[in-house]
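Enquirer: Sequences are here, hints too, so could you generate the full structure?
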Amino acid sequence: MKVSKISNLVGLVVIGTTLIACSNNDDNNPTSPLETNYKYARTTIAPVDEIYYGRAHVKNEFAPYKGLTDEDAANDLLPAKARRNGSYAWGVAEYGNEVWFGSLNNGWCGWMMKHLKLPIYSTAFDSDILACNLVDIRRPGQLYIYDVTKGKTEIIDPSKFNNAAGQNYAYDITTGPTAIKDGQYVGEEAKTYGFRSAGQFDGIVFFVGHANLSQDASAAAEGFLRLFAFNAETRTYLGKADFPYDSVRRMTILKHPDGSQALYTFMGPDTSLGQAGTAGTVGLRWVGTKEAPLTGGDLHGFEVVTTADFNYEGLPGEFVQTPDEKGSSRLVVTTWAHPKLGKDEGYQGGRMLASNPMPQNGFSKADPINFEMIFSTDDYEVDANIAKGYEMGAMTMHNGYLYFGTMHVGHSGGYDKVKQAFPDVFPAVGDGEYSKTEQELSINSWRASSLFRMKMDKFLTPEQFKPELLYGYDKMWTFDGNVWAEKPNKLGLSPKFGPAGWGEPLNVYAWTAVTHNNKVYFGGFDLGSGIRDYYDLVRGVSTPQADERRLGLETKQPDSFCMGPNNCVGVEYIVSGKSWFDVAVNNPMFYIYEWAMKQPGAANKSGADLIVFEDLDNPAKVITYNGFGNSGNNGIRNASIIDGELYFGTSTYSNLGSNAGFEFYNVAEEQE
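Just so you know, the sequence shown maps onto residues -23 to -1, 1 to 649 in mature numbering (1 follows the signal peptide of the UniProt record, and there is no 0).
Everything labelled a hint here was simulated from the structure, so no lab data went into it.
No residue lacks a Cβ here, since even glycine has one placed at the ideal position from N, Cα and C.
Take these hints with a grain of salt, some might be off.
[To be verified] Quick list of in silico lysine-lysine cross-link-like pairs, DSBU-like style, CA-CA up to 30 Å: (1) 342 x 435; (2) 555 x 413; (3) 473 x 317; (4) 320 x 464; (5) 496 x 320; (6) 396 x 555; (7) 317 x 342; (8) 413 x 267; (9) 94 x 43; (10) 396 x 317; (11) 16 x 94; (12) 555 x 94; (13) 413 x 396; (14) 342 x 267; (15) 94 x 342; (16) 467 x 575; (17) 303 x 320.
[To be verified] Listed next, with one range per pair, are the computed distances between beta-carbon atoms: (18) 410 x 47: 53 to 59 Å; (19) 432 x 461: 31 to 37 Å; (20) 131 x 347: 42 to 48 Å.
Expert: Structure below.
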C-alpha cells in the first residue's frame, strides 16, 4: 500500500477519516453512506495573540507580536484564557514551500449582527470557546507566513522584517484613513481590519486590506483598499498603495497565448464589511517590476484592463482560464450582485461572464477584456427580489467542465431584498418582539448554497450554455406581495445529487474550490456551528411557539453590553421591558436556526463541510461535515497546493482556547 506523506507531517495534531455522504431527498438517488478513505491532519493553528480576562476587562490587551502561548494564560495569577483573534485564513498566496496569508479577526461576531440580524447588544456573550463583545473584538487583521515543511506559522513582525528605503511597515500596518473628504482620504488610526486577497508573482507578494471608512452611501463615495507589497525572498517590505474600491477577492496568475504570464485581479463595490457600496468595478493587471512594484500603469503599478461598462457589474468573485472551441484562451468571471441593483438603471446581479479571446500577450489597456453573460442567478431563482441577494461563489475547471456554486450572506440577501420590496407587508419589528410574519419571511427567503456544473464548449454560441444542477432546489418559495408559494426553479431542473447546502440547510457559501489529482473539491461556510454555540448558551431549542420558548427554561441573568472597561449596561435597560433572552430568541437568526434543526441532513452537526467529486456520475463524497473534528471551524476559505500536497485554510467562530483561530489542514486520499 502506498502511504501518503500525511502520516509524516510535522506538527500533526488531528487525523480523521469519514464514513458519510451528503444526505439526499430524492429516493431515486443513492442515500446510503459512502465510505471515503480521505485522511486529514491539522498542520498549523493561529498563534495566541491575547490573554483574555473577561468581558471589557481592563487587562485585556491585543499583543500579536509578543509570542504569547497557551501556558501564559494557564500560569496567570488571574483567571484567564488564551485568545486567538485570527479567525479567517483569508487572502492567501503561495511562494515556494510557504503560504503567505492575511487574517480577518473575530469575523463571526460581526456576521451575527450584520448578516443574521441579531441586535448588536445581544451579540455580547461569552461561551467556553468564544468571547464576542464589541469592545473586545476590534482587533486588526495581521499578516502571516506558514512554512509547510516546518509546520510553523509566524506573524510578520514589523520589528523583525526588513524595510525598503523610505518604507515603514510598522506604521503602515497600524494606520488607515477614517473618512473621505473632497475626494481625499483623511484621518489616521488603526483601521486595516482584514486582508481579503493576496497574490504572488516573481517573488513579490501582495496583500490587500480593508478599512472601515465613514461614508454616506447616498453620495458618490469611493471605497478604500490598502495594498502591501513584500519581497518574499529577502523578507523585505516594499511599500503600500491605496485603491479607491470597496473590496477584492482574488489575485491570480494567468498564462498568455505567447507563453508569458501576468498577475491579474478585480476590484469592485461591496457592502458586506460596512462599505458604502458605491465604488466602481475594474479589472487590473500588474505591470510593475520587482524593483519598483508599485510604479507604472494606471494605479500604483497596475493597468486597467476592463472597459467603462464593467462598472455596472458587481464585485467580481472568482475567475478562471479555459480554452474555447477553437483553442483560444478565455476568462470566466463570476460576480456578486451590485449594491445598486434595483435602485439605479443598468446595474447587474450575480452573474457569470465570459471574456473575448485573450490577446497573444494578455489583456491590457490597449486590448481590454470585453465580457458577455453566460449565466445569471436570475436564470435559476424563482423570486426576482431574492435573486438580487445572490452572489456567485467558488469555481474551478476540470476536464472541460466548470464547477461553480452560489453564496448567500444570510439575511442580508433574500430577507433584506423582500423586506425592501414590500415594506408595508413586512414592517419593522421591535427588538425582542416575536413576529410570525418575520419568522415566515426569515425561513422562506433563506437560501443555502447550490452547486452547478457546465460544459465549457459554447463560447461561440453563448446563449446555448446550459448548466447542470448538482445540489440545489427543486422548488423555492416566492412572495408575490400577498402570499408565499412554492414554485419549481426557473431552470426546470431537479438536483442531480441532492438538496441545496449539500445536505445542510445552513451551509450558505461555496467558499473555495480546487481541482487536484483529477478530483474537484468544494469547501463551504456553515453557519450552524456558530449559531448553535450561541443558542446552546442561551438555552436548548424546543418548539417555535413563543410561550413554550419561555416556559420552564433556565437562562443566564440578563447580560450586559459593554462599550469599554467599567462601561457596561444591562440589555434590559437598553430594550425597555425586554431581556437579553427575549432579544436573543425573537429575531431572524433564531427563527432560521430553529427551522434548520428540524430539517433532514446534518444541520445539527456543527462544523465546516468539505466535499469531493471523484467523477461525473456520482454524488460528492464528504471528507468532513464537522470542521475536521473541530466544530469551531465554520468554514473552509482557501486551498493551496504545495509540493503536490493539498492544504485547506479554515475560518472559525471560536477565539478562546487551544483549538480556536484559523487552522490549516493537509488532505490526502490514501492509495492502495
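Enquirer: If you test the structure against every hint from before, which numbers come out violated?
Expert: 3, 5, 8, 9, 11, 15, 17 and 18
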